[in-house]
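Chemist: So you can see what is in the structure, the chains are spelled out below.
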Amino acid sequence: MHQLKTFVIGGVHPPEKKLAEKQPIVRLDPPKTVSILLSQHLGAPAVPVVAKGDKVLAGQIIARGESFISANIHSSVSGTVAKVDGVPDTSGYRKQAIIINVEGDEWAEGVDRDEAFVRDCQMSPEEIVSRVKDCGVVGLGGATFPSHVKLKVPKGKKAEYLIINGVECEPCLTADHRLMLEKGNEIMAGISIQMKALGVGRAIIGIENNKPDAINNLSEIAREYEGIEVQPLKVKYPQGAEKQLIKAVVGREVPSGKLPIEVGCVVHNVGTAFAVYEAVQKNKPLVERVVTVSGDSVRKPSNFMVRIGTPVSELIEAAGGLPEDTSKVVNGGPMMGKALNDISVPVTKGTSGILAFPGSESRRPAEQNCIRCARCLTVCPMGLEPYLLSALAEKQRFEDCEMERIMDCMECGSCLYICPSGKPLLDYIRVGKNRVGIMIRERSH
Amino acid sequence: MKVLTVSGSPHFHADHSVSRIMYGVVFSLIPAMLVSFYFFGLAAILVTLTAVVSCMAFEFLIQKYLIRGPMTIFDGSAIITGVLLAFNVPANLPLGIVVIGAAVAIGMGKMTFGGLGKNPFNPALVGRVFLMISFPVQMTTYPEPSAFSTRLADAVTGPTPLTFLKGGVDQGEKVSELMPQIPDYANMMLGNMGGSVGEVSALAIILGGLYMLARRIISWHIPVSYLGTAAILSAIFWMVNPEVYPDPLFHLMAGGLMLGAIYMATDYATSPMSKTGMIIFGIGCGLLTVIIRLFGAYPEGVAFSILIMNAFVPLINRGFKPKRFGEEIKNG
Amino acid sequence: MNELFNEITLFSVVSLGAIGGVAAIILFMVAQKFRVIEDPRIDIVEGLLPGANCGGCGLAGCRALAEAIVKDESLEGFNCPPGGSDVMQQIAEAMGWEAGEQTPMVAVLRCNGTREFAPPKVQYDSAMTCTFAHSLFSGEGGCPFGCLGCGDCVRACDFDAMYMDPESGLPVILDEKCVACGACVKACPRDIIEMRKKGKKNRRIFVSCINREKGGVARKNCKVACIGCGRCVKECRFEAITMENNLAYIDYNKCTLCRKCAPVCPTNAIHELNFPVRKKKPADTDKQEKNV
Amino acid sequence: MVLTLIIVAAAASFTLATVYNLTKEPIERSREAARQEAIGMVLPAFDRLVSKKLMPPSGSDSLEFNLAFDNGNLIGVAVSTYTGMGYSGVIRAMVGLTPDGEIIDVVHLEHAETPGLGDKIEKGKSDWSDQFRGFDPSEQALRVRQDGGDIDAITAATITARAYCDAIERAYLTFEANKQEIINKEEE
Amino acid sequence: MGQLQNFSKGFIRENPVLVLLLGLCPALGVTTSAFNGLGMGLATTFVLVSSNIVVSLIKNLIPAKVRIPSFIVVIASFVTITQLVMEAYLPALFDSLGLFIPLIVVNCLVMGRAEAFASKNDTFSAIIDGLGMGLGFAFALTLLGGLREILGAGEFFGLSLFPGDGMLVFVLAPGAFIGLGYLVALNNIVKKKLDKTA
Amino acid sequence: MEYIIIIIGAVFVNNIVLAQFLGICPYLGVSAKVPTSVGMSGAVMFVMTLATLVTFLIFNYILVPLNIEYLQTISYILVVASLVQMVEIILKKVSPALYQALGIFLPLIVTNCAILGVTILAVREDYGFNLLEAVVFAIGNALGFALTIIIFAGIREHLDLVDVPKGMRGAPAALVVAGILALAFMGFANLV
Ligand SMILES: Cc1cc2nc3c(=O)[nH]c(=O)nc-3n(C[C@H](O)[C@H](O)[C@H](O)COP(=O)(O)O)c2cc1C
Ligand SMILES: Cc1cc2nc3c(=O)[nH]c(=O)nc-3n(C[C@H](O)[C@H](O)[C@H](O)COP(=O)(O)O)c2cc1C
Ligand SMILES: Cc1cc2nc3c(=O)[nH]c(=O)nc-3n(C[C@H](O)[C@H](O)[C@H](O)COP(=O)(O)O)c2cc1C
Ligand SMILES: Cc1cc2nc3c(=O)[nH]c(=O)nc-3n(C[C@H](O)[C@H](O)[C@H](O)CO)c2cc1C
Ligand code: SF4
Ligand code: SF4
Ligand code: SF4
Ligand code: SF4
Ligand code: FES
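Which chain is which? The protein sequence lines are W, R, U, C, H and B, in order.
The first sequence lines up with residues 161 to 605 when you count with the numbering used here.
The second sequence lines up with residues 1023 to 1354 when you count with the numbering used here.
The third sequence lines up with residues 10 to 301 when you count with the numbering used here.
The fourth sequence lines up with residues 1092 to 1279 when you count with the numbering used here.
The fifth sequence lines up with residues 29 to 226 when you count with the numbering used here.
The sixth sequence lines up with residues 1332 to 1523 when you count with the numbering used here.
Some hints here could point you the wrong way.
As the list claims (entries may be wrong) - Below 27 Å or equal to it, Euclidean Cα-Cα: the simulated DSS-like pairs (lysine-lysine) are:
1) Lys1343/R - Lys178/W
2) Lys1024/R - Lys396/W
3) Lys255/W - Lys210/U
4) Lys87/H - Lys37/H
5) Lys224/H - Lys210/U
6) Lys1024/R - Lys1086/R
7) Lys210/U - Lys212/W
8) Lys1297/R - Lys356/W
Said to hold, decoys possible - Here's a subset of chain R near chain C, in silico, CB distances under 10 Å, partners left out:
9) Val1191
10) Gln1193
11) Val1197
12) Gln1203
13) Pro1205
14) Ala1208
15) Ala1319
Said to hold, decoys possible - What follows is a set of in silico ranges between Cβ atoms, one per label pair, in the way DEER data are often shown:
16) Asp223/H - Thr265/U: 35 to 41 Å
17) Asp1227/C - Asp123/H: 45 to 51 Å
18) Ser1426/B - Asp200/U: 48 to 54 Å
19) Asn88/H - Met1132/C: 38 to 44 Å
Hints in this document: simulated from the structure, not taken from any laboratory.
Keep in mind the model is a prediction, meaning the values are calculated, not measured.
Using N, Cα and C, we set each Cβ at its ideal position, and we do this for glycine too.
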């Protein structure tokens, strides 16, 4: 095996709690109704192409991503459009969604639902990109950035490495892990398709050392592919963050404010590689994804293959329901996920996990004065000074925030995780980032 | 299901807390405390107890009646201040003066600025230096160590190795003649010498320091750069003229250098945040300590140097930031 | 020579006269050569300032302060310790900044989502700042327009004119202390606070809600939300009330404080402040008054 | 404009010169009074005073010797002496000596020692300087005990005490070195 | 503003030292005892009142461009007069105030009042203003001097309050800063109380 | 060596602000931000050196020979005031960049005891300085001023961020900090 690599600055090591690690992916049946949000990706919301009363099939396009950064949205079920209306999203604000009453499970024409593995792809890079775009594939690693945009190398830049993010550094989550075990071949084919689209000769799959079975499985398969290798990594959060992963895998540092392509890298999540495979080889749009349901309050931690738009409450039911003392339900990982105020919200393309915790585990500690212990600054993987940024933001000194490079913060939460005085560092940093972002935008006008 | 909680991420929190850290420090101080009780007896116990109790009491009173903030006396930081203040005064200091010191340390050194973490200067040292200058006589009469003594204020007094040596050298005597008259290095290491309550035993303090290092309460940067600089600088002088300047080993074990480097210079609130900053800070403390010891009016310079460097901390924090990710473009 | 007037006198007068002369020439040169064309008001303001150049204002001398005042066209945030408030008053007069009588305004809170009317459904556990809470979720009560109760507005008020009522979870504005500086308006991420005419005898009528959701949706989260039913619009004879996006708004310039609208509101979303008690008062106005 | 300022300056300096001339006398007088008082404190009653300057064996400045006569007999010498060894600044003192060289009394003239510590050399602040009364430098050592002498140092202000001894010693040594000349004075 | 208020504001509300933070060097430098503080305060008051008088008298004779230098000369003259008179008749006080007497010239308070008030008002008001501010200054200095003397030497105006020495720091430089710091804080509280009752 | 001792003495042992109480007003007034305090220090250094040079000459070659030392105060203040003006004029003309950096602080300096105090101290008898020593003394004091005011500005920036209790905010906390700083500087006692 290779020697273990990792990134240099900062990082923390939260308890792993991979409770659903051994649970194979179970396919859930479609629910009675689904609510498919029009904004499930980074960028402009998609524009609906169906109206109330229309009959739709699973895999049929129902909203089109029209601007440069946007993505198509497909129906994940077959049935009738009940309405196009606002439904509360994960933060409780109403967002436009297409609500479909499910009737049967019929799929649109052209979608190949055969599980048989198809390795080779004959499409040209342009065809691959347009297929990925048509199928509404977005990054499944969390940011839900439309994948077709990332598969086109901008003019004047050259991609050297495709880095595949199999790190899954967040505690509790096991979706990528299971996928790497169960769909290794498909992922590998997806990677080679992405390599073809990008025109790169090398792909490196970064996997943390706490998933030896996945490392073995993919290394095994990688032998059959040229230019693809697996790089085991030391366990450290947030290794899965793009810039940290590039640093860990190829030792390059993406300059502040720049994209990975600046150092010749493109990063995709393993789930995205799988989605690309399905889109290109099977013509199957992104209508379902693997979601981990886990956490100390979940009776049966599981990994489900779920249709987009399924209410979270159904997933929780399928995992045995919630005990009385549950006090927090999180969409995503415990470090970066969003706490839900209502469990009836739908699963989106970006939902990698649903975690439930009792109060004892997830309540924030009481806030005290910052004792200037420098722990936050030691763990910040971006080399920032969170205590300072947070204080500046709290004092509304946003110009100073900008000078201290608040925009470099990727909101990994390491600082808040480690702070012994329970300072809500990241909360204030987010306020600061928000305001500095507005300032920067106003300036460029 | 009960009411859900909504909060920003992250939803996990490390197993740290202010009081755990602080009590860790208190725990690590136990060896030094035991040594001081052994050599200075009941007097040391009384001084330590008085300092701790009055520090907590002053913090309580100020917090309750002046600042009107949440109660903080059990976070352990006032206990540390109390213990370290006691460790920095002679065992036979009248208890009234100890109480004044505690009032100054907590009231002026800490609560004036809003309490834990906000103070720019090390509270215990503010207390000590205040007492040094206010009560020079009482603060410079040290009891002779004697095992398990139960004597209180009337103990036999004697000089500390530092005052003895400095006094002698100032009178033109030679270091080589003075050295045999102070405890040998083994005794100094153990703490069998005149000095403040808790500073005498380098060994016990190092032990506590190792414990704190192991628990990651402190990092090595400040103690190592502080002690290292002090050793190197004193070694240079020693090599130039060993009859006027004592050797580095003596400097390391005499007086409060060990206590200062491991416990007082490392105080979070009053030391720099970045690792480079910490090293600069340690070097500054080391230089100043040796200069004051060798050339100043006072035989001991640890407290002054740390306080002076405390004043530089904001500037150090401004000038020595952690290395930012993506700062230099390194295209492999 | 005389005891009192001797050569010392002579030397003194001559040498100090000489030094004074040189000083005068230098100062003269400054005056002559280096008159840069500047806003003449700077000189006026500087003339009014004490000229102590003490730096007490935090700027480099009196001229710097004068320049800053003229540049900002306002006295806000400036203070001259030696001159005190009189000087600032004089400057304001000289610059004519207290132009005319302004209609007195006051801040009002346009949300009545107390714990009672909009019971919390979830519990918030993060930094106590509305700005963050706003970006995180719709609020404990679920109303995406309602007050978040973290008190950003209270902290923004420099005049102690606001406090958080722990019972209702809403901020309270103290009319007598509010100077209408607008800081709270800027601070609130949800634009709940509005600056309104203080009104005759301090009387005001306004819709205490800014929820633009459809009636049913709004009502689900909050019992006293404006549901956009339009009854008040019909009731108002002065066309002071408009309805937009399911929300009624009372234009304070048109409103005659006739009080006709308030009783017809089915959710009691219209608030009346500082009016005498109604003779036949509808069932639950007292509740509102308590929560204003 | 220039003229105005010249006139202001001239007027001011004219006034000042007048005040200066008016106060010159009283200033002189009060200085003299202070000197006389100090001399009076360290010497017995006398009827005639002769002053002369003498260079000390070590030191940069000369010392003022005030020879006091009573009925034509030299009854004592008041030496205005100094030292630079103090904790801060120069210390000046008036030392009264008998013709035999025994110290009659010492009083400080000027010092900048720390209040509360070094200022114990002042007679009003403590009786520390009383130990010099009747001290015979030819028999006892004019040095603090820490340095092997016979003077008790001021607690925590050894530097000042040491310096004061230095000042007194300077007076004494100068006196000894010029004894002949001083005695001759008497005969003159 | 009435003359009485003009006079009294210098004590608490607009105290030159405790609120306006002017003339801090003498306030810190000479206040080793209440007596010194009072002496310095009165000397400053003298200069302040006299120069206020002269400035208000000559204000119309001086062209604007040399106004400040002329005022400086006036003030400096009164400072020198104070110096000379004090040396002649109060030599002990003169010695202990030392350098800080000539420095009255640059006391921002004196210059500020001459410029801000005396040069724009009639002589009587100028006297009242000078007296108010000057006595306020003296008040603050005496207070600080008294505090430092009591804590530092256990005496007040030279009278021994308790046996033994006090806390030496208060006689030394740090005590001056610290004492003033807490006095300013105290004055803030008093001022707030006054504002509330007003 | 002589000069080094004068400088160390002026910067650390008898620090102009912390031990001699000169220039306290700008010390508290212009120390809110580090860059401002740096600018102020530069201006003080410039003027203090120049003023000492000129006043030393005036004192020893005009006032002393004519026996009118009592005019020291009044002549010095005139010299300092017009010197500052002149520097301002010259600076504006010669180096606009430097003027931008220092010029704005110049007016503040006229009424600053630090300048007048140091010029008076520099001719004190018991120092017995010659011209060069007097100038070095002035530079040392200016450095001492710079050191303390910059440190102090750093601490005040820190205090700004941490929310000092209401009653102590601003001047009181600043003064206590200065007090503790003065305590710490006592460690340099008798260094030279
Ligand atoms: C703090 C942080 C942690 C992340 N952790 C992971 C991770 O564990 N696994 C992952 O695939 N993506 C992770 N991401 C997202 C990646 O940065 C990146 O967006 C993703 O790998 C890109 O691939 P995609 O476009 O296919 O999603 C993380 C991002 C951040 C900011
Ligand atoms: C405005 C914007 C433009 C982007 N442009 C590109 C691009 O041209 N090529 C690319 O590979 N990725 C591009 N990205 C994607 C980012 O590199 C990154 O993969 C994405 O933001 C998700 O990363 P994360 O999950 O680590 O946050 C862009 C992102 C943003 C926000
Ligand atoms: C602020 C301060 C003022 C001091 N003033 C004096 C003083 O006036 N005279 C003096 O001899 N020592 C003074 N000292 C020096 C110390 O007290 C010194 O330790 C002492 O003089 C020598 O120690 P000893 O007298 O205990 O032997 C002062 C020290 C400090 C810090
Ligand atoms: C490693 C460590 C060292 C400390 N050292 C001191 C100290 O020297 N003096 C002190 O008063 N408090 C000390 N404390 C306690 C506390 O941090 C201190 O009172 C703060 O300065 C209060 O804001 C220490 C705490 C820690 C964790
Ligand atoms: S980790 Fe927390 S307590 Fe430590 S420095 Fe950062 S914010 Fe302060
Ligand atoms: S959340 Fe931002 S500031 Fe905090 S550790 Fe992560 S990158 Fe650094
Ligand atoms: S912030 Fe201004 S407008 Fe708002 S309540 Fe306070 S004084 Fe009134
Ligand atoms: S009115 Fe706005 S700022 Fe004030 S507490 Fe409510 S949400 Fe926050
Ligand atoms: S009084 Fe000294 S600078 Fe103002």
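Chemist: Holds or violated: the 35 to 41 Å window for the beta-carbon distance between Asp223/H and Thr265/U?
Modeler: holds, 39 Å
Chemist: What's the verdict on Lys1297/R and Lys356/W, does the C-alpha distance respect the 27 Å limit or exceed it?
Modeler: violated, 45 Å
Chemist: Hold the hint about Gln1203/R up to the distance rule: shortest CB distance to chain C must be less than 10 Å.
Modeler: violated, 15 Å
Chemist: Is Lys1024/R within 27 Å of Lys396/W, Cα to Cα?
Modeler: violated, 34 Å
Chemist: Holds or violated: Pro1205/R as interface residue toward chain C, Cβ cutoff 10 Å?
Modeler: Violated - the Cβ of Pro1205/R stays beyond 10 Å from chain C, reaching only about 22 Å at its closest.
Chemist: Please verify whether Lys210/U and Lys212/W have alpha carbons no more than 27 Å apart.
Modeler: It is violated: about 54 Å lies between the C-alpha atoms, which goes past 27 Å.
Chemist: The hint names Ala1208/R as touching chain C; please verify it with the least Cβ-Cβ distance against 10 Å.
Modeler: violated, 29 Å
Chemist: Range first: 45 to 51 Å. Now tell me if the beta carbons of Asp1227/C and Asp123/H are that far apart.
Modeler: violated, 33 Å
Chemist: Does Gln1193/R pass the interface hint, meaning its C-beta sits closer than 10 Å to a C-beta of chain C?
Modeler: holds, 6 Å
Chemist: Given the hint that Lys255/W pairs with Lys210/U, does the C-alpha gap stay at or below 27 Å?
Modeler: violated, 44 Å
Chemist: Tell me if the straight-line CA distance from Lys1024/R to Lys1086/R falls inside 27 Å.
Modeler: Measuring from Cα to Cα gives roughly 35 Å; hence the hint is violated.
Chemist: So if I understand the rule, the pair passes when the alpha-carbon distance is 27 Å or less; does Lys224/H with Lys210/U pass?
Modeler: holds, 25 Å
Taken one by one, the earlier hints fail for this structure at numbers 1, 2, 3, 6, 7, 8, 9, 11, 12, 13, 14, 17 and 19, listed in ascending order.
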